[in-house]
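Asker: Sequence:
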Amino acid sequence: MVTAEEIKSLIKGGEGLHLEMKACRDKLPKDIWETYSAFANTRGGVILLGVTEHKDKPLDERFEFSGVSDYYKVITDFFNIVNNRQKVSRSVLVDSDVRPVEVDGVTIVYIRVPEADYRQKPIYINNDLQSGTYKRLHEGDRHVTQEELAMLIRDSSDNADRQILNKYGFEHIDLETLHGYRNAFNGHNPGHIYANLSDLDFLTNLGGYGSNPQMDIEGLTAAGLLMFGKSVTIHQVFPNFRFDYLNLIGIEPGSSMKWNDRLTDDGRWVDNIYNFLTLALNKLLLTLPSEGRLKGVVRIDGGELFEGVREGFINTLTYCDYWLGGVLRIDRRTDRIVMRNPGTLRISPERIYDGDYTQARNSTIQKMLRMVGFGDNIGSGFRKIMNAWKNIGFPHPDIHEEEEVNEVWLTLPLGSLAEDNNDEEISNGSSNVASNVASNIASNVASNVTSNVASDVASDVASNVASNVATNVNESNRSRKSYDKLCKEVVEFCVDWKTRYEIASILGYNPDYFRNKIIPRLIADGYLERFDKESSRSPEQKYRATQKGMELLS
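In my numbering, the protein residues as written are 2 to 555.
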């Protein structure tokens, strides 16, 4: 149950990405439905009816609780209209999302609009998909662009890559890539019934080729072309998309040296997904420390670090919006790996951190990769990354959207972080690189890439490995902030409501550690307050500095 004090606390920061306030006496504001659509299509939010804004006053005096005179009628009208398909495409609410709250002698109507499931989007109004779809940007509701609307529609399906590309036949497949994949497939699936199929039947069974007699179309699917296609055809169908891998270890901003190593669209290789994965992933892994483990009697190199990096790489490929265009880019920097892909997150970062997941945007590509040992399709990829980084002792990975450019960024820090509950400064060094990395280069690459590029890549990577290994054996130290300094930084950041993920990301802590160790202490000392006081572990929980906390900054 939301209380008066919580609503008073909520409005202090003014309107924002998750809060809208509207004056209302006995009739619903006409523009409430734009806000409803915007919140449902973005990350959800709260609408407060019965709050009047005085724009000429300072922020702490700007919002007046003017109240709703007939709240029963207003709430009834709201539910009637939200369930009217001529007005609103879909209701994402339950009864408990709307409630009256008494504040200073007047009634405020509190409406919580959750984010719609990605399969339900877009949420639009007035029976007009094109002009009635909104998104939330800062404190305003904005019409989506045609490109954004197309993204929402694509994201409502888990099979966007099953689209048949009519008249793009098997001749547009790069046979060396496909045969290299089939060799890996046979090695990973001995005795599989696909082994004796023709190339076309094999591709069809994977979902890379299809037909629709009702529509009289036949050809490669988007997944088939992207995974195994020839460069020229991929660039025809996806003209604004490309891959890029950059080794930037030790490269300083402004340096005359732009990169140590690069894999991009330069005409020297067939730039489809399978080749990019096998080539760039091997280049990337060979810059990292490798531990040796026994699986049965076979020695397996890499350990949790390698597994986490592989999962991140696969997620980047399978969740990318290839139709959107842009660059799928992997940066190996000195202290981190940054993986960027065009598209948006299908659920919020908070839900991802808490273990929730969605189907991959490109489920056919995901299946193709899984069949040769790259990942699984049960949505556990990001949890594996989080567990690996926690076990290694690295700062927690960060995943977020860059909304202005429609990209998702996954950052994997490679420095050590000591999460002790003391106020002491602790340093922790990175582990040494295994001595046998260089000797395994050729076999690691040759077993995964097609024949026309394997030797070039092996020699190319081998020439760089010595400097890469030397870079990685350097120890990186990181100091733990004192509690007093930490308090001030948290308070300064939490002038407005923030999630634990947002706070932890800024300060470089694991979100779970921050929630379990740091936040309880800050609350007990009176420096932070919770938005939802009934559920301290709610995934949507937010925190804000108290008056006592703000006094630390004076």
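Hints may be right or wrong, so weigh each one.
[Stated by the list, open to error] Straight-line alpha carbon distances no greater than 27 Å define the calculated BS3-like cross-link-like pairs of lysine-lysine that follow:
1. 499 x 391
2. 489 x 499
3. 543 x 23
4. 259 x 168
5. 23 x 74
6. 385 x 368
7. 31 x 13
8. 31 x 9
9. 385 x 499
10. 31 x 58
11. 88 x 13
12. 88 x 56
13. 9 x 88
14. 231 x 391
15. 23 x 549
16. 56 x 9
17. 486 x 543
18. 13 x 486
19. 385 x 489
20. 56 x 23
21. 549 x 9
The set of hints was computed from the structure by calculation and includes no laboratory data. Keep in mind the model is a prediction, meaning the values are calculated, not measured.
Asker: Which constraints among the numbered hints does this structure fail? Numbers only, ascending.
Answerer: Those not satisfied are hints 4, 11, 12, 13, 14, 15 and 19.
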